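K.L.:
Read off the chains here:
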Amino acid sequence: MLKTFPKGGIHPAENKITSSKEIKRMPIPKVVYVPIAQHIGIPSEIIVDRKDKVEIGQVVAKSSGFVSSNIHSPVAGTVTKLDMIVDTSGYKKQCIVIRTDQKNESNFEEPNFPLKKEISMDQKDILKHITDSGIVGLGGATFPSHVKLDLKNDNHVDCLIINGVECEPYLTADHRLMLEKADEIIVGIQILMHALHIQEAVIGIENNKKDAIKALKKAAQSDKRIKVAALQVKYPQGSEKQLIKAIIKREVPKGGLPMDVGIIVHNVGTIFAIYQAVQYDRPLIERVVTVTGKKIENASNFWVKIGTPIKDLVNEVGGIPEGTRKIVNGGPMMGKAIKNTDVPVTKGTSGILVISEDEASRGEPKNCIRCGECVDVCPMGLEPHLLMNLTEKGIYETAANEDIMTCIECGSCSYVCPSHRPLLDYIRFGKSIVKKLNTAKN
Amino acid sequence: MTNSILYSVLLLASLGIFAAIILYVVSKKFYVYEDPLIADVDDVLPAANCGGCGSPGCKAFAQKLVNSDDISELFCPVGGNDVMKLVSEILGKEVAEKDPTVAVLLCQGGCDVRPKTTIYQGPRTCSISAMVYGGETDCQYGCLGDGDCVAVCDFDAMYMDESTGLPVIISDKCTSCGACVKACPRDIIEMRPKNKRDLKIFVGCLNEDKGGIAKKACDVACIGCSKCEDICPKDAVIMTGNLAYIDPVLCTLCRKCVEVCPTHSIIETNFPPKKVKKPKVEKPKVEKVAVVKESVESVIPKTDA
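Just so you know, the protein sequences line up as chains G and A, in that order.
For reference, each letter of the first sequence is one residue, going 0 to 441 in our numbering.
For reference, each letter of the second sequence is one residue, going 220 to 524 in our numbering.
Only chain G is shown next, with the shape it has when bound in the complex (with noise of 0.2 Å):
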């Protein structure tokens, strides 16, 4: 029996349309959109101007505070505007615009880092190194990583758990970076042990990437500190809470950290932006994205720069096909439909999935029938249904008792619910008003 977190979760149709095709290079944009606010906690200051010129890798914008990030150019160009553009959220935000300079060759060179094994750094260098190269947890959370890697004296960390999980239908961008760059993550696990004084380390796969499984677990034969999980097949699991019960069995207390109980979890992608960081230099310009969806002809994973409209990426797979009705950025879960797609691709972004007319509509909700459904498949152990109710009517503290700020936002609630009642927008709503409450209260 393959290990699993307890209770609740679903299995929704995997659609892993691109895992057999390779990760792609993208041809560079023309222009790159780089927005200030690609990660929890406060935006970048822009410290270039109109009419700069700017290097691959440049710091364009800094970060300006503890729970921040720098944000470097991901082209050689110049900045042409500083503007206000939709982004992933829905709303407009400040953006760099760069212009790609045509005859600048760094631009068009084949960025080829053969593998490097020994890390001659010590941990305070590894620390350094990660801060400035604006490393935040690709996974989708988008968490400046150095804050997470921070620890205070009090904290014990004992083991590090790197999510390779996946659990989002259509994704595959973790699937084929574990399989091309299984010697890369493996070192970048090296490096965090090193950095951190951890003896042992974890990497959690579900069993549907058993390719995956293999190669990380030839790549590890000779580090005896670095074990592979294999995991059942279930959503969430890639949630950082879930995650660790399904492997360690420890439970992070509620509105805590999973560093409260001596773990800390990184995704394979930010492992792998981590390796090139500290053995390379080379800050986050660019991460792996899969381009799907049921009626895209090309459907594959691409490495795309930060920066590119979506556009440019749709058009890439052979344009929008017909009867699409939504563009998401990220899983089919958890993701969000964008606005138009001139929104650009951020740090977060895994995924882009065109979904079409019939599988994209949300159907009429009814009334709630009481069948529990949402309470069996709550991962967080919460009454879905009740939140909603309570949220709707406007009763938050009764909401905030029932512990409506230790949500997920999963949406196993509102994928099983059988009257289409949208449970994850109330609830998601509620914890909005809860937050601004409890923080007039302090």
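Derived by calculation from the structure, the hints in this document are not laboratory data.
In this text, all values refer to a predicted model and were calculated from it rather than measured experimentally.
Check each hint, because a few of them may be wrong.
Claimed, not checked - In silico DSS-like pairs for lysine-lysine, Cα to Cα no more than 25 Å straight-line: (1) G:LYS294 x G:LYS335; (2) G:LYS293 x G:LYS226; (3) G:LYS325 x A:LYS335; (4) G:LYS61 x G:LYS15; (5) A:LYS429 x G:LYS50; (6) A:LYS278 x G:LYS392; (7) A:LYS401 x G:LYS440; (8) G:LYS226 x G:LYS115; (9) G:LYS91 x A:LYS435; (10) A:LYS392 x A:LYS317; (11) G:LYS216 x G:LYS253; (12) A:LYS434 x G:LYS80; (13) A:LYS317 x G:LYS80; (14) G:LYS61 x G:LYS127; (15) A:LYS304 x G:LYS325; (16) G:LYS20 x G:LYS233; (17) A:LYS435 x G:LYS310; (18) A:LYS283 x G:LYS440; (19) G:LYS2 x G:LYS213; (20) A:LYS317 x A:LYS304; (21) A:LYS435 x G:LYS80; (22) A:LYS429 x G:LYS91; (23) G:LYS226 x G:LYS116; (24) A:LYS401 x G:LYS434; (25) G:LYS6 x G:LYS293; (26) A:LYS434 x G:LYS91; (27) G:LYS435 x A:LYS401; (28) G:LYS127 x G:LYS102.
As the list claims (entries may be wrong) - Among chain A residues calculated to face chain G with C-beta under 7 Å, some are: (29) THR337; (30) GLN340; (31) GLY341; (32) PRO342; (33) GLN359.
Unchecked claim - To list a few chain G residues with every Cβ distance to chain A over 10 Å, as calculated: (34) LYS116; (35) LYS213; (36) TRP302; (37) ASP424.
Positions of the beta carbon are idealized from the N, C-alpha and C atoms, including for glycine.
With chain G held as given, fit chain A onto it using these hints.
P.N.:
The following block gives chain A in isolation, referenced to the frame of chain G:
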């Protein structure tokens, strides 16, 4: 026979006396003194229980009025100055005098002038759709059209106009309780002073984008051209970035700004038709915001050239 009648009468009578004694003791023991003034004040308050004053209901507000020494900051927006004067007479305390206000909608981007560019499928309430994204049109400042304000209005002073998709405020019914102002996630509804004939001039737009972008998203958006600021004789127009705002205190309702506005985003309400030499441009402007829009649209092509 007679005995049974007698017994039952006696039994019931003794039960009654017993209960009366208990009630008497309890009422003496647990007597709570309530200032009779509270009931008096509560009587003159409008009994709408709307919460516009900040208290959870009229009774609570009456208690607050009676118990606080200084009530100059408390005000019942529904009752207005008349009710507050009565309260002042009862309590013998100084009350504030405020000009009556009325809610106005600072957006006139109906379906006809503000094209939809996105389809939203989630729950149809403004608060949730505002959290998810910038709205179905390209204007992220304007009305979302899901009617949260209409739902909270206790006085039937608002309704959704089917043809424009915007809420309409009926000035005569509006009590300026402020419930709609709080309900709107976009802060589109503003309380503006109400004069006798309900004449108002205000900028019906909140779009802070640059002129070109704003105009592209909505035909009647304020493009920040500052023409109104230049022409205003009383400096009542305040430009913040790309958006004009008319200060209701300084405005003398001369209507000069209404004429110069190239996008007709400045709204005038309840003014009689102006006596101008070219009657073909002017159409009678009547009470409601929605009606003003029609006349606005008909004028657009002429001024654009």
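K.L.:
Are the Cα atoms of LYS2 of chain G and LYS213 of chain G separated by 25 Å or less?
P.N.:
17 Å, holds
K.L.:
Take the C-alpha atoms of LYS429 of chain A and LYS50 of chain G, compute the straight-line distance between them, and say whether it is at most 25 Å.
P.N.:
Holds, at about 20 Å.
K.L.:
Would you check the hint for LYS429 of chain A and LYS91 of chain G, treating anything up to 25 Å between C-alpha atoms as holding?
P.N.:
12 Å, holds
K.L.:
Given the proposed pairing of LYS401 of chain A with LYS440 of chain G, does the C-alpha separation stay at or below 25 Å?
P.N.:
Distance of about 19 Å is within 25 Å: holds.
K.L.:
Do the alpha carbons of LYS435 of chain A and LYS80 of chain G lie within 25 Å of each other, as the hint requires?
P.N.:
Judged against 25 Å, a Cα distance of about 20 Å means the pair holds.
K.L.:
Taking 25 Å as the top limit, are the C-alpha atoms of LYS294 of chain G and LYS335 of chain G close enough?
P.N.:
19 Å, holds
K.L.:
With a cut-off of 25 Å on the C-alpha distance, tell me whether LYS61 of chain G and LYS127 of chain G pass.
P.N.:
14 Å, holds
K.L.:
Check whether the Cα positions of LYS434 of chain A and LYS80 of chain G lie no farther apart than 25 Å.
P.N.:
20 Å, holds
K.L.:
Hint check: LYS325 of chain G vs LYS335 of chain A, CA-CA at most 25 Å. Holds or violated?
P.N.:
Since the Cα atoms of LYS325 of chain G and LYS335 of chain A sit roughly 15 Å apart, the hinted pair holds (cutoff 25 Å).
K.L.:
Hinted pair, alpha-carbon criterion (25 Å max): LYS435 of chain G, LYS401 of chain A. Please report holds or violated.
P.N.:
This hinted pair holds, its Cα atoms lying about 15 Å apart.
K.L.:
Any CB of chain G closer than 7 Å to the CB of GLN340 of chain A?
P.N.:
Check passed: Cβ of GLN340 of chain A comes within 5 Å of chain G, closer than 7 Å.
K.L.:
Does LYS226 of chain G pair with LYS116 of chain G here, judged by a C-alpha cut-off of 25 Å?
P.N.:
Holds. LYS226 of chain G to LYS116 of chain G sits at ~18 Å (cutoff 25 Å).
Consistency with the previously given hints fails for numbers 2, 4, 11, 13, 15, 25, 28, 37, ordered from lowest to highest.
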